[in-house]
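Make a model of the complete structure from these sequences and hints.
Sequential numbering from 1087 applies to the sequence shown in the working numbering.
Worth flagging that the hints you see were computed from the coordinates, not collected in a lab.
Please note that the accuracy of each hint is not assured.
The calculated lysine-lysine pairs, modelled on DSS-like cross-linking and capped at a C-alpha distance of 27 Å, are [said to hold, decoys possible]:
hint	residue 1	residue 2
1	Lys1170	Lys1156
2	Lys1162	Lys1242
3	Lys1099	Lys1170
4	Lys1213	Lys1115
5	Lys1171	Lys1133
6	Lys1213	Lys1261
7	Lys1242	Lys1170
8	Lys1213	Lys1102
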Amino acid sequence: MTLIEIIDSSSVKIKKEDLLLNLKVEASKISINEIMEACAFLQSDAKFIPISYRGEYLQSYTSAFIIQLKDIKNDKNSYDGIVKKEELQNILKVIQNQEEITEDKNELHFYNIYKLVVIYVTVLLEKPIHPVGTPFPGGFKVRYGDGKYLCPVKDKQRDNPNAVCEFCIALQDEKMK
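See below:
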């Protein structure tokens, strides 16, 4: 069964261990060419990012993107518990909606990897989608403080149907409201 088939199956409870195994299988199918094409999409998409932090943005996203895919493949940790299947279905729905509106092959490769990374980071690692230090316009960054992950833009994304922020464990950074 593929990851999507397991998530969509109504009769199966998904153990975190099984989710990791399926993420590993899916991640192992991604070729270096697909990774390069996904990174090419990030590069082309960055043309909409202010020049003042475009380089930092690209460095942060591409390195986190590649590192997290590698982490999925190499993760030897044990994860206890059952996954909230509705949460997984919702994550997939948002990303599949994005996939359906693109005709760009590089962007499709990006979403294929992004889907795995978002599920891995939010469900198994229980960390924010954007790693600590990820830059946003205005010089703001995702940070960790007082035992919480804090995001400078989470509340601004609440009404964005293409954002996966609703699944992210980071809280709105109150200093950025």
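Structure-based check of each hint:
no. : hint              : verdict
1   : Lys1170 x Lys1156 : holds, 24 Å
2   : Lys1162 x Lys1242 : violated, 36 Å
3   : Lys1099 x Lys1170 : holds, 9 Å
4   : Lys1213 x Lys1115 : holds, 24 Å
5   : Lys1171 x Lys1133 : violated, 36 Å
6   : Lys1213 x Lys1261 : holds, 20 Å
7   : Lys1242 x Lys1170 : holds, 26 Å
8   : Lys1213 x Lys1102 : holds, 15 Å
Going down the numbered hints, you'll see the structure goes against 2 and 5, while the others check out.
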